[in-house]
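Student: This is what each chain is made of:
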Amino acid sequence: MNSSDQVLYNDPAPRLDRAGIAKRAARDLVDGTTVNLGIGIPAMCADFLPHGVELRYHAENGILGFEDLSAPGEGDPNLMDAGGKFPKLVPGMAFFDSVESFNLIRGGHIDVTVLGALQVSKSGDLANWMIPKRGIGSIGGAMDLAANAKRVIIAMEHTAKGDVAKIVEECTFPLTAQACVDQIVTDIAVIDVDRENKRLRLRETAPGWSFDDVQSRTAVALEVEGDLGTMV
Amino acid sequence: MNSSDQVLYNDPAPRLDRAGIAKRAARDLVDGTTVNLGIGIPAMCADFLPHGVELRYHAENGILGFEDLSAPGEGDPNLMDAGGKFPKLVPGMAFFDSVESFNLIRGGHIDVTVLGALQVSKSGDLANWMIPKRGIGSIGGAMDLAANAKRVIIAMEHTAKGDVAKIVEECTFPLTAQACVDQIVTDIAVIDVDRENKRLRLRETAPGWSFDDVQSRTAVALEVEGDLGTMV
Amino acid sequence: MDRSRSVSDSGRKDRTICLTVAINKIINSFEGAVADIPSGSSVMIGGFGGAGGQPTRLMLALRDQGATDLTIIGNVAGISKTTGYGWPDHLDPIDQGIFFESGQASKIICSFPVPGTTNPLSDIEKAWREGNAEVDIVPQGTLIERIRSAGAGIPAFYTPTGVGTPVAEGKEHREFDGQTFLLETALHADYALIRAEKADTRGNLQYIGTSRAFNPAMATAARVTIVEVDEIVEPGVIDAERVGTLSTYVDRIVKRAEGDPLP
Amino acid sequence: MDRSRSVSDSGRKDRTICLTVAINKIINSFEGAVADIPSGSSVMIGGFGGAGGQPTRLMLALRDQGATDLTIIGNVAGISKTTGYGWPDHLDPIDQGIFFESGQASKIICSFPVPGTTNPLSDIEKAWREGNAEVDIVPQGTLIERIRSAGAGIPAFYTPTGVGTPVAEGKEHREFDGQTFLLETALHADYALIRAEKADTRGNLQYIGTSRAFNPAMATAARVTIVEVDEIVEPGVIDAERVGTLSTYVDRIVKRAEGDPLP
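Chains as they are written, first to last, in my numbering: chain F, 42 to 273; chain A, 42 to 273; chain U, 6 to 268; chain C, 6 to 268.
Chain F on its own, in the form it takes in the complex:
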């Protein structure tokens, strides 16, 4: 799907907006788990948690158990999250330093992380920190999270500008981590990554989008098991 002229102007239906992607990604988050949300679309998941689901949010800069707010604000600079937002203090939260914060990540104690991506491969490789032509990029906590969280969910737009595929056979951008992605939630699809067999299973499509519509915007052959669902 590198030559993509034929699909540029024929989306069969609207794609989900950024909030829609976040809302769908949030649906699979499990009550009581420790979760780290990356900046951008992932952070917006906090606004769409299913009823009754309470997460233990972790931010790399040293908070656990706060209430995540996606709205920026003029907060206290000493009470910031890793994305530069100002979280709401709630009973039962805790502050700690970066050593402890990355023990939690590296030690595999983060249940789920939701991250953005530039490219994801069929084997679950993730590239999300540098565009090669720029030659410089920012890693932050992404490599630690991607390599060590128990479950990695990617929340992103399905294609890059010009409908260039971001879901690819092999990443051409510098990797963030190998074989780490469990699930991909985009503006047109939900895809499970079977890392062991290097296969992608299309689970859901956006309303009005068919298997072929999604496949034509994906550079990896997708599989389907059972019924294809619709993203809600």
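Simulated from the structure, these hints should not be mistaken for laboratory data.
Don't be surprised by glycine CBs; every beta carbon is placed ideally from N, CA and C.
Treat the hints with care, since some could be wrong.
[Claimed, not checked] Facing chain A, according to a computed beta carbon distance under 7 Å, are these residues of chain U, among others:
hint : residue
1    : 91
2    : 117
3    : 166
4    : 170
5    : 216
6    : 268
Based on the hints, put chains A, U and C in the right spot on chain F.
Tutor: Just chains A, U and C now, with coordinates in the frame of chain F:
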């Protein structure tokens, strides 16, 4: 000095008692330094600090800056030092866990440690954790302290039972750390260890003890530079 | 017991793992908290040595539960029962020796397994002399760092401690900047029995004084962490600035009875 | 300055070292606190990124002092000046970019040196594009663990983070239990500029909220640690249970002016 029958009954003068050893060792402790005192004679140094000297005592179990008391007592089990004594709380002290406690030691942030010994060699090797014939011993924090404190002072009786030399060419007991000892304070002498040249310099003797008296109870040839002082 | 929910997860390294999240972590009895510990388990026991910070009630419950072939991991071990170390004079001290006295432990990994004297012989030394138990003596700083590494996702590290001593035998030696270091590996356990002053219902822990010691690191290094506390409070009672162990690490909480005579 | 006493000491590894113990750690001005930092120094700068926990006054003093060829070590670096990250809207943000704007820094070791967009170009990216500065990008967890290791006497450790990525290039790979890890080495510095809420006169520090971040580890990893605080108190005012950095690690303390408009 392995065959020691000839010196068994002819001490020229009384040896210092355990408190006397501690008092002499304490004289070289420097105001404001972070100090860890081992159990036994080393712990007694706290009772004999020179006037105006205030140390920042560290105990492996996670306290810094307490007031060391050598008297045991019926204290609060949650406020113990590493030797099982109950220190006095003073303003400016801090509690922490064993990870932090050994960062302080391993990272070279302890200025001085005073430890006991079974054997010390002329190159500053220390053996203080196991008697070979018992086959089992306790290391505790001794290896970390001996290997990593900026300065290691040994406070001990000069000879073992039967006047067997403890200051030896090569330790025959299992080592605690190699080339670590800076100074040895005993009940009859103060000796500096020149580790680089593997030489021991006798600096002071107990009142009434001559160079020869000390040398005859030491299995390493001692050297003297300048005047030989008297322990006070 | 409706304490947990499971989520199937394809997990790291392409192994299927089961993500179990305890929703209600509070267990009503010490017996219940240790009931599922099978024979052959490795069990970390927190504290430093002495009564402070020691999960004494959990230890007694595990002794009574009867699991055998246990590997005990602790720091100062078996000293209190023979010397009174770290215990008030009027009480009979309890320490890791109870698992050797009962024959439940086949191995201990610790830094200080025997007192200076052999009269009376401690339970650990007796079991060792009789060939009934293996004793692995580890320098205290290496022991705590190995435990910390297990929780922190670090499989191995180099340390200056132990070079030229019996603990260096068989270990990789390596020079950095002209100094020699030893390679030491992470030390995990199946269970950690730890002690704290307070827990909130989420599982955040607060420690007091010198009772921290090995407890916070052990909480991170075991598959299941069980904590014995004096008090359980609502979230928010423990100051967010003073949480000593994060709730994520804690699986089970048991409260001691009011007025428990044991320290 | 009658601030310290020296003791000659034959020291570790048979080198003569000089044991300098600061008796009075309080310095009256930010200028004075950084006056002796020579050109060519490595300087850690605490905080996470953003105003909270950043030693902004010490940074401005070092900028004004003029030392050059500096290696800056920080986490998120140079983002606030271009994006406002972590700063109140009504203030002009200050970050590590000031040392690249002024041409004082020749290198930065950090995890997050550039924002997502290149318009406007940050000071660090500009210096890098013009070949005036080296940028060493390290995963955040690896960066903090390398700094922590420097303070903890650990010369190197293995981490799972970065395997298969550009940060693995040239590094030793090693398997433990079937998984591949990278060897990473301790990261020391000549100076650490850090920030805390309070210091007592001994040098114990108390942090607040998310202002801890890289500050506590950096305090342990530098030859000289200089802390900027909002308040200096008598020993005992900081609760012994809440000390965030031990006095032993702190060499110099400078208090901000009352009502300083910078966060």
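Student: Which of the listed hints are not met by the structure?
Tutor: none
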